[in-house]
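Enquirer: The residues making up each chain are set out below.
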Amino acid sequence: MGRLFAVEIVYRGIFQKTLAKNISRGIVLAANLEGKPGTSFGRYGDSPERNGIPAKYFAIVATDDLTLEEGMAKYEPKEVDITVCVDDTLCKGLESWAWYGLQPINKLTRPGGTLMITSKEPAESLIPMIHQKHEPYKLAVLKGIASFSGLWVYKDDHTDVRILGAIAKLLPEMMSLDAVKKFIQHEWKDAVKAQSATNSYNRVSTQTVSPSQGNPEKPFQFTLPKWHEMRDGVAIPSIAQGHKMEDPTSHASGGYQPARNPTFKKYTTRTMRPVVDFDTCIKCTLCWLQCPDSCFDVTPEGLYDANMEACCGCGVCEAVCPVKDCVTMVNEVSFKDNSSQWEAWRKNKDGYKTWLKGTIENRPVRSHGFRYKGQYEEQSPEMLEIAKQG
Amino acid sequence: MAQMTATLPERGTEETALITGSEAIAVACKLADVDVITAYPIRPYDTVMQYVAKLVANGDMDCEYIVAEGEHSQFEIVKHACACGARVFTGSSGVGWMYAMEALTVTPALRIPMIAMVGNRALDDPGAFGVEHNDALTVRDLGWMLVWVDTAQEALDTALIAYRVAEDRRIFLPCGISCDGAFLTHSQAMVNIPTQDQVNRFLPRYNRADLLLHPDNPITVAPQANEDWVMEIRRQNYAAMERVPGVLREAYADFERIFGRKYGNPFFEEYETQDADVVILGMGTLSMPTRVAIRKMRKEGKKVGMVRLRWFRPFPAEELAKCLSRFKAVGVLDRDFSFGSPDMCGVVATETRSALYTSAKRPPVLDFIGGLGGREVIVPDVEHIFNELLEAAEGKKKPATQWIGLRE
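From first to last, the protein sequence lines stand for chains F and S.
Residues in the first sequence are numbered from 1 upward in steps of one, following the working numbering.
Residues in the second sequence are numbered from 1 upward in steps of one, following the working numbering.
So here's chain S without its partners, still in its complex pose (with noise of 0.2 Å):
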């Protein structure tokens, strides 16, 4: 019998809610007594904005609210909070995130620890509403911290985890929580909400140290550099994201102990791995299909798993290898698109494989993308997959990428 997931909430233990998992977000920045908080409306994210100006408006929560006149002000304004020693929390979907681009790419290198949930969706165009994880993937190589969450519980209690790590001083990195765009933004679920108390217990107040942008701590930021400069700023922060799987270890460890859900390994859940044969490698709420794919072929006596992406950045490379190597063949659900990419992949294929290469072991790795702009993968879809992997696993030659779900 198939084993529910860490993931779901435990009912019944602390208050429950029915929220969404934009609700639940906007929930964790009132526990974590968020200081400054900019928004600019672009559906999913603006579901946030809508609550969190609704917990502000009824008096629960205590923090200045700014609707910005665009994204790009959004995030520079909260930039700039962060960098006075406020606790910030912003965030964006699709275009929005793009129009905010250039403070995108400012943020890591300032060392600035916002955080910001990125309602995933397509990019336009098509004007489209639906998930894709593209618009996300676009800062992959600024430096800022990337996880996908799949449960509204999962979104609430890693908002509060990456409070924790970005502001850790050792790390003073952006962090984007992706939400998928409906099936996470918009679906409610009952949702455990924490103690003021144990929030207290794990996160400390945000201490920007040295770094603190006051007058009794005269500095000046990001002054203009030249060639001499620029390499050694950079491989900074290349230390300070090699520093992350350490903190985040910690953080998840002290999660456990003071709110008592387990996620076990911080970086990617594993859902019936243990004796699989092939498994799906993908991120956000397309688990949901795949472990009840898996339940149902499992009871046909078909050996399959999955293992589900939170951190994509960093990428957790080294323990992602140990893990997929055991397997005779990989599958990634990209709901994603890399155009010109080796072998017209997706992102997290091209990554994975890349992570593979230099394991002893390397099982082949089928990419297939599905799902874009909030199309519907099912159950059925999920099963064709995982046929196509054991085939792939007795050594049939398979596409390298295969598109899901398509009109053709």
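Chain F extracted, bound-state conformation (with noise of 0.2 Å):
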């Protein structure tokens, strides 16, 4: 039986859509010329994509077909060499269309398997998001921003050949750079873009993850029902009524908590939050009436708390507060945990002031990138002088 190759590659639904297949078919098109036969597709059940919801293309290759086919005769590979993640907020696990509950990034990487991310922070900012694995495994950091365009445009800002030059490196006997760089220049025939997988294939560095490292939380997860064990006629309980708000300190009651889906949290749709001066803000209510996902809970003295068990990081909110620098939305990675700000705010103003500064202040740049026409465009550049350093 020969040897069969599976790289993964986790990306944000519809923005990042296009540069995922790109890798994926770059992959088996390079292996395929030097013999080796193999196959790329998106995970069916990330379908229909909707903003910002992490998704699955995954590039199977073999040394034959037969086992290829073996490589093949499932939904989707249990284990991959390589898991590519095009962004680092997905570090924090992925919950998906396909799935119930939380998947952390490295689920599928095999043990001494490489995990590569694309990334502007360390590696040491990123492996605390990551949740630990039994067995050891390896992580790639490839300097650059999440590289987001839209579901039909192609965003030529070189992160689809850097990752396919540092795959080379990594994983040699699947593809060689040389390989690689004949793919590209078929493709594309563009000698910067191979010279760019050559940078990257020349700079690409791999650390050792141990067990203890990481994300020590379990990630959550649902035990799907028994046929008989499910209502018939295909009907589900609603989610239940709201309820009251309790204050941390006074214990006042008041307000209103919408009540959520139990199963679906949203904790990794979102790229950014929103953070909330309590002390400006004037109660219009705009955010709480905007918010497509009713994700603000109403205090008893009438503030808006965004709720992180259903926020998306759209934005909206930021959008449309009438107050200068009332709502702020950050970088997901600048936060450890989804708990209440309004509920740190109550129990120490003066600590949540300094914590919202200075989250604010040091918050790493991260755009939305769909706020104006050609904002993606303006990425390019910035991205392309990485591409030229490795």
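No wet-lab data here; the hints were simulated from the structure.
Any given hint could turn out to be false.
List of simulated lysine-lysine pairs, DSS-like, C-alpha gap at most 30 Å [claimed, not checked]: (1) F:Lys182 <-> S:Lys30; (2) F:Lys74 <-> F:Lys107; (3) F:Lys349 <-> F:Lys324; (4) S:Lys397 <-> F:Lys226; (5) F:Lys74 <-> S:Lys398; (6) F:Lys283 <-> F:Lys189; (7) S:Lys303 <-> S:Lys322; (8) F:Lys78 <-> S:Lys296; (9) S:Lys30 <-> F:Lys107; (10) S:Lys303 <-> F:Lys74; (11) S:Lys397 <-> S:Lys328; (12) F:Lys226 <-> S:Lys322; (13) F:Lys78 <-> S:Lys302; (14) S:Lys262 <-> F:Lys74; (15) S:Lys299 <-> F:Lys189; (16) F:Lys21 <-> S:Lys328; (17) S:Lys361 <-> S:Lys398; (18) F:Lys138 <-> F:Lys21; (19) S:Lys296 <-> S:Lys322; (20) S:Lys299 <-> F:Lys78; (21) S:Lys302 <-> F:Lys74; (22) F:Lys21 <-> F:Lys169; (23) F:Lys182 <-> S:Lys54; (24) S:Lys54 <-> F:Lys373; (25) F:Lys357 <-> F:Lys265; (26) F:Lys143 <-> F:Lys21; (27) F:Lys265 <-> F:Lys353.
Assembly of the complex is requested from the two constituent chains, each provided in isolation within its own frame, with the hints serving as guidance.
Expert: Listed below in structure tokens is the structure:
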């Protein structure tokens, strides 16, 4: 029996679909130039893709047809040689359309395999976000921002070829750098892109992540019911009524907290989250009204607290808030938990103010990329400069 | 050592491309120089229309590309275009196919050689995208030819063969090409793209002859008829369907001669059946875990094999009965259901049992319903089925129908 190779590309739905598809196709076509058969497919269960929902592409390559068939005789690979993560906020885990619960980003990474992340953060900042794994694995950080664009748009910032070059270094048995360069030449006829792949090949390095490193939390998961335990008629219980909130200090009761879907928490859907300055809030209700996910809890005193179980990070609240700097969107990598900002503020207003100021001032740059036409393209020169350096 | 199936592409002979099963069908449409294509989006069929739209927009393909306002119109438009002598292509999935049902029923009676891709999808409800074969199977009694393919290469080749057979004046029947949603429609594989010259030699121009709806050939199509006429009209469709196997054989033989790819028996593919004690019979991409399981179990000395049915309509009853009567037990893997049917089994199992009824030697036929709504059937599932069959072959009593991969 020959050898089977599998690579998964974990990406943000819609914004990175073309990028993920290009990487996956590039792997299969480059390996094919060296006589290896392969297949490339996006996971069907992730569709229809919604803005930012984690999704996956898979590339499977084998040394012969029979081995390839073994790799394809399932819905998706259960183990991969390399997990490519093209947005560092996905390090916190994945909740996709395809399953219930949170899946660690490194779940499919085989023991000794590689998790490759595009990020401007150092490995030391990324590792605490990633769930612990029983077996050691390798981490490679490819410098760069999350390459976002539209569903039908190809954003030519070299992220795809840089990842292909790095994969050739980490898994040369699957495809060589020469094959990658040949593929690039055939596909784009662009020597600069081929050079970007070479630069990344030359500079990529890995470090081993041991079982004791990383986020020790057990990802939340659910057991699906048996057929005779389910209500028939394709009917499911609706979300219950909401309830009043309780102030953590005065124990006053009031306001309204909607009940939420217990099986879909949206922790991993967002790339940014709002932070709220409760001292300057004028209670105008606009964030609460405009939020498409009803994520704002109404506190007993009539403030609005963005609940992280429901926030998708769309940024509408920041856009509609009439008070300067009252709602600020901050890169999700800045946060370690999903706790209530309002409760923290109620317990220690000075402490909260310091935290808020620090969080906003120290936020790593992040943009939704769809605030105005052409915003995506503005990021390309920066990425191309990084590609030159490797 | 197991042999690779003939349906996988031989690399390096023609131009190759990394494309999905849907894209392979779109390429076939381009090579067949289809005149009129209608579309209405529904997953997973929509991947075909997207790719056709791209071919047209890029100037690689010249056809009338019409996005209809719903599936019923989608199928009606190509029906009429086809009556006027246009080579046509359309398709749908799941409940979209159901929405076109009235158009689907009239098409075979009018002897319209429409080629439709059915991206197999579970029928609502629940709204789900995954593959089930019940959508295409709803037209099994109406005069449609129905074929299931299991690789992107086979999808491309079968589409060319379908045009050749459907547009043969002896046949003039519509043909549905069933492609499993996700596993085939969305999976990219290396596919050999035939040359235009090869296709031109294989596929003659569509000639509607005496049935052409044209001022130079004044005819009325589909007049109202009473009880004096209907049975004779139905009998004509019966005769056309009866002629299909012969024309199919000619087409497959010619295909092999011109393109060099061998499909052997057009109606079903046999895998490791020479000395098999038991076999699994099924349609579509479930062949993949089945082949892997067979290779694994044969190493353990278990004589297991597979018969993959391609053509479901016309159902190759005689040949299939002859084939299946060689084995000690047959397991049908149905990616469909027929509630209230004999033994509460799937559609393929009922047809298979019926085909075997007049056979002198009748192995037990067990039905296994699995993979519904796109659920994966993995190698251990197939091994379980084979082990059940091996026990049945030894005379052990087994349930007529079992569900595979169900949470119970």
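Enquirer: Assess, step by step, whether the Cα of F:Lys349 is no farther than 30 Å from the Cα of F:Lys324, and give holds or violated.
Expert: 19 Å, holds
Enquirer: F:Lys226 and S:Lys322: Cα distance at most 30 Å?
Expert: Judged against 30 Å, a Cα distance of about 40 Å means the pair is violated.
Enquirer: Below or equal to 30 Å on CA atoms is what counts here, so check S:Lys296 against S:Lys322.
Expert: 27 Å, holds
Enquirer: Is the Cα-Cα distance between S:Lys299 and F:Lys189 30 Å or less?
Expert: The given pair, whose Cα atoms are some 47 Å apart, is violated under the 30 Å limit.
Enquirer: For a C-alpha distance cap of 30 Å, please report whether F:Lys265 and F:Lys353 respect it.
Expert: Holds, at roughly 27 Å.
Enquirer: Does F:Lys143 pair with F:Lys21 here, judged by a C-alpha cut-off of 30 Å?
Expert: 20 Å, holds
Enquirer: Does the alpha-carbon distance linking F:Lys78 and S:Lys302 stay inside the 30 Å limit?
Expert: 27 Å, holds
Enquirer: Holds or violated: S:Lys361 with S:Lys398, Cα cutoff 30 Å?
Expert: Holds, because 19 Å separates the two Cα atoms, which is no more than 30 Å.
Enquirer: Under the criterion that the straight-line Cα-Cα distance not exceed 30 Å, is the pair F:Lys138, F:Lys21 satisfied?
Expert: Holds - the C-alpha atoms of F:Lys21 and F:Lys138 are around 24 Å apart, at most 30 Å.
Enquirer: For the pair supplied as a hint, F:Lys357 and F:Lys265, confirm whether the alpha-carbon distance does not exceed 30 Å.
Expert: Status holds; Cα separation ~27 Å.
Enquirer: Holds or violated: S:Lys397 with F:Lys226, Cα cutoff 30 Å?
Expert: 27 Å, holds
Enquirer: Take a quick look at whether S:Lys262 and F:Lys74 sit within 30 Å of each other, Cα to Cα.
Expert: 27 Å, holds
Hint violations for this structure: numbers 6, 9, 12, 15, 16, all remaining hints satisfied.
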